[in-house]
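Number of protein chains: 2
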Amino acid sequence: MPEIKFCNVCGGQIHYQQPEGDNADRAVCSQCGHIHYENPKIVNACIIEHEGKILLGKRTIPPREGFWNVPAGFMENGESTRAGARREVREEVCAEIADMQLFGVYNIIQRNQVHVYFRGHLKGTHYAAGAETSEVKLFAPDEIPWEQIAFPVGITAMKRYVEEMKSGEFTIIEDDIIIDYEMLKKFS
Amino acid sequence: MPEIKFCNVCGGQIHYQQPEGDNADRAVCSQCGHIHYENPKIVNACIIEHEGKILLGKRTIPPREGFWNVPAGFMENGESTRAGARREVREEVCAEIADMQLFGVYNIIQRNQVHVYFRGHLKGTHYAAGAETSEVKLFAPDEIPWEQIAFPVGITAMKRYVEEMKSGEFTIIEDDIIIDYEMLKKFS
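One line per chain: the protein sequences are D and Y, in this order. For the first sequence, the working numbering assigns the number 6 to the initial residue and increments by one for each residue that follows. For the second sequence, the working numbering assigns the number 6 to the initial residue and increments by one for each residue that follows.
So that you can see chain D by itself, here it is in the shape it has in the complex (with noise of 0.2 angstroms):
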């Protein structure tokens, strides 16, 4: 996201300062005095589970493009995290998602972004390439390409799910995903 330069409210100059009261700098509107804050943003995933298989896509668009991802993406005004999740598995895979259960809450600080993971099962047989996507398949959990999931997140969401499923047993956690940018050079 580039810098704030510019109020939306009126076109006026921005000024980073703190305002009285606060504790960190702000983007303020010179001329209407408006404060911009900048917030973390949502992204909803779902682990998608048929007959012992995880649903992936893979895909066509930067960043991380050609390589498989757990269908995900920035949560919108106006639905919920579970909507939104299902609305990126139409999206990206074209499922539908039964039993829909949380998952996990992942932050990664140094994206400003929460990551709310579902698990679930897929409704029916269907699935398919939608936006975004080349490809879709179903992975065993020894199939699953490690070295070619697009996003550390979705690597450590799923290690612990292939790990869960083996007992049946999932929990819910809170976790933060640190982001290796040195390991991430040798595979984009």
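Simulated from the structure, these hints should not be mistaken for lab results. Treat the hints with care, since some could be wrong.
Identical copies look the same in the list; a pair holds intra-copy or inter-copy alike.
In silico EDC-like pairs for lysine to aspartate or glutamate, Cα to Cα no more than 20 angstroms straight-line [claimed, not checked]:
{"hint": "1", "residue 1": "K63", "residue 2": "E187"}
{"hint": "2", "residue 1": "K58", "residue 2": "E169"}
{"hint": "3", "residue 1": "K46", "residue 2": "E81"}
{"hint": "4", "residue 1": "K128", "residue 2": "E54"}
{"hint": "5", "residue 1": "K190", "residue 2": "E70"}
{"hint": "6", "residue 1": "K164", "residue 2": "E43"}
{"hint": "7", "residue 1": "K46", "residue 2": "E8"}
{"hint": "8", "residue 1": "K46", "residue 2": "D180"}
{"hint": "9", "residue 1": "K46", "residue 2": "E140"}
{"hint": "10", "residue 1": "K128", "residue 2": "E140"}
{"hint": "11", "residue 1": "K58", "residue 2": "E81"}
{"hint": "12", "residue 1": "K128", "residue 2": "E8"}
{"hint": "13", "residue 1": "K63", "residue 2": "E137"}
{"hint": "14", "residue 1": "K58", "residue 2": "E174"}
{"hint": "15", "residue 1": "K46", "residue 2": "E84"}
{"hint": "16", "residue 1": "K58", "residue 2": "E152"}
{"hint": "17", "residue 1": "K128", "residue 2": "E81"}
{"hint": "18", "residue 1": "K46", "residue 2": "D181"}
{"hint": "19", "residue 1": "K142", "residue 2": "E70"}
Fit chain Y to the supplied structure of chain D, relying on the hints for placement.
For chain Y alone, kept in the frame of chain D given last:
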């Protein structure tokens, strides 16, 4: 949040229109073409227990000035959901949290907010009225002033907490909060 009228990158005029390949109207700059996405915001909160009682703070600022509230506030860039909840607890009720656990994800679609609730115990015995708080008090479950709680999400989360603390078996859920604007009018 006011409607976007000017581009905060170049100061150009905004028109709401559907970008190619998108399925919703977005705030698009007529000058530089930048698309301003508007996304839900995250509020982090923590229900704090001490000797079977729950710690609440009385608000000194709108909305719902003078009402009791679970310590909560908007997540900032550069922090995790957990760190955000800790910060709000420090700011509002001058307390530290022990044994912090995820408690729930509550969608408030009417407000474009997602509230991430934690639960925990008071670390030590210290608490005090902080910023935007006039009074801090521990309430036994049967003393909680339900009609003087600031927000529906706080009521919903605390009712589940109070029920689950009987057995000590806490769940973690994702759920929607529906705001009854007519009911709120009676109190505000």
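What hint numbers does the structure not satisfy?
-> 1, 6, 9, 11, 12, 17
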